[in-house]
Amino acid sequence: MINKIVQTMADALAGARDGMTVLLGGFGAVGQPSVLVEALIETGVRDLVVVANNAGGGKGGLAGLMEAGRVRKIICSFPRSANSTIFEELYRAGRIELEIVPQGTMAERIRAAGAGVGAFFTPTGVGTKMAEGKEVRDINGRTMILEHALRGDFALVEAWQADRWGNLTYRRSGRNFNPVMAMAADTTIVQSQHIVDLGGLDPEHIVTPGIFVDRVVHVPYGDPPF
Amino acid sequence: MSATTEAKPWDRLKMAERVARDIPEGWYVNLGIGMPTTVADYVPLDREVIFHSENGVLGIGPRPPEAERDPWLINAGKQHVTLRPGGSFVHHADSFAMIRGGHLDLCVLGAFEVAENGDIANWATSENDTAPAVGGAMDLAAGAKRLWVIMDHTTKDGRPKLVHRCGYPLTAVGAVKRVYTNLGVFDVTERGFTVIDMAPGVDAAMLKARTAAELHFQA
Chain A
0 MINKIVQTMA DALAGARDGM TVLLGGFGAV GQPSVLVEAL IETGVRDLVV VANNAGGGKG
60 GLAGLMEAGR VRKIICSFPR SANSTIFEEL YRAGRIELEI VPQGTMAERI RAAGAGVGAF
120 FTPTGVGTKM AEGKEVRDIN GRTMILEHAL RGDFALVEAW QADRWGNLTY RRSGRNFNPV
180 MAMAADTTIV QSQHIVDLGG LDPEHIVTPG IFVDRVVHVP YGDPPF
Chain B
0 MSATTEAKPW DRLKMAERVA RDIPEGWYVN LGIGMPTTVA DYVPLDREVI FHSENGVLGI
60 GPRPPEAERD PWLINAGKQH VTLRPGGSFV HHADSFAMIR GGHLDLCVLG AFEVAENGDI
120 ANWATSENDT APAVGGAMDL AAGAKRLWVI MDHTTKDGRP KLVHRCGYPL TAVGAVKRVY
180 TNLGVFDVTE RGFTVIDMAP GVDAAMLKAR TAAELHFQA
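Keeping their order, the protein sequence lines are chains A and B.
Going by numbering that gives the first Met the number 0, the first residue of the first sequence is number 0, and it counts up by one from there.
Going by numbering that gives the first Met the number 0, the first residue of the second sequence is number 0, and it counts up by one from there.
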């Protein structure tokens with residue numbers, strides 16, 4: 000019997016190691032696997048490369064991981080927000096590397112990794128700083144730049160419902176990067192608000208099929224903070 | 000009656016209203032963070048315009064009263080929003096497929112500068128020492144069928160924002176089709192900026208004095 004549901008955070012994050020690349024779902028406070036991130040801090044791993052849209056707000060979650068000095072580099076589209084003070088302090092002090100990626104390019108680089116595509120040409124960023132050092136080609140009359148797939152060792156994902164095969168649904172704008180990241184890591188780990196019996200999810204409504212998921216942990220976290 | 004009337008620049012709400020007037024029913028539209036977002040307030044619900052947000056929301060409705068906010072439903076500016084009947088959710092790669100794939104009829108962004116060749120600079124300024132944040136602006140500028148900009152005509156200290164060539168780091172080259180400022184509306188054409196509307200009391204001399212690019216006036 001396949002059962003991807005694990006009972007402890009230690010089991011969920013087994014195999015975490017220094018220097019690995021971690022994909023973190025979420026956009027703003029919605030859809031963030033914040034309990035898995037707290038558990039990642041507990042594992043003590045360091046020198047991490049984190050891929051996330053935002054550079055963490057407030058104190059908990061990703062901000063906490065950065066504050067604990069565990070993140071060597073962050074790859075994101077929008078590090079600035081009203082309360083991203085921990086990131087900004089580290090960045091100004093030169094204690095964290097930053098790679099800025101246009102949001103759609105970031106999503107597509109991750110999707111490409113999940114789909115086995117090594118790189119792709121996109122018009123986004125042509126003629127800007129983002130194009131520096133990248134291969135340029137005219138395709139169907141349009142100038143495009145080459146962007147490479149972006150893969151993770153771990154993907155940490157928040158879902159609304161999960162079953163023991165790892166089939167997932169999401170809640171409203173909590174979907175965001177989660178399904179794309181779930182496809183693009185060696186090990187995809189899910190914190191799910193609800194666990195349902197196998198067969199309890201309408202196959203027409205499953206957003207992430209279990210083939211992309213390795214471990215699920217039940218975290219009835221509740222609503223994201225306002 | 001004096002020949003020179005007092006100029007009455009549009010305020011931010013009037014600017015948003017002016018943009019909204021030009022959006023026809025049936026368009027799929029992405030509104031950038033800040034002033035562009037307010038444009039939606041001036042599109043009546045019975046004119047069916049479908050608003051998109053980068054974080055995977057298609058069919059955004061009016062802003063909810065505080066008591067009815069849904070913590071799971073935000074827009075790209077992290078503000079709480081509603082979903083209209085017929086709305087849908089997608090993941091980020093599909094959301095940007097809508098953008099990059101040319102499926103959006105219009106994107107409205109703010110900007111630091113717009114050049115007469117349609118270049119836009121809206122994500123970083125050279126004097127800014129904080130971390131740059133591009134978000135989805137480059138994808139939107141490169142991908143939407145039309146890019147309009149809504150911004151003040153000059154900076155707070157009076158420097159023109161409509162320019163010959165951008166000085167700040169570019170967001171996209173040759174992308175802007177139209178600019179709405181507090182003083183007027185400007186199409187970006189092969190010749191450069193063409194004035195298609197002016198705020199009440201604004202005249203050609205005033206526009207020229209506040210613009211660092213050539214202006215063309217319709218006959």
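Hints may be right or wrong, so weigh each one.
Covered by chain B, per the in silico footprint, the following chain A stretches (three or more residues, Cβ under 8 Å) [as the list claims (entries may be wrong)]:
| no. | stretch |
| --- | --- |
| 1 | 18–30 |
| 2 | 63–72 |
| 3 | 88–99 |
| 4 | 169–180 |
| 5 | 194–203 |
Honestly, the hints are just simulated from the structure, not real lab data.
Every residue gets a Cβ at the ideal spot worked out from N, C-alpha and C, and that includes glycine.
Do the hints match the structure? See the list:
1. 18–30: Contact hint for the stretch 18–30 of chain A vs chain B: holds, 4 residues under 8 Å.
2. 63–72: violated (count 0)
3. 88–99: holds (count 4)
4. 169–180: With 11 residues closer than 8 Å to chain B, the stretch 169–180 of chain A meets the three-residue bar; holds.
5. 194–203: Per the Cβ count (0), the hint is violated.
Comparing the model with each earlier hint shows violations of hints 2 and 5; every other hint is respected.
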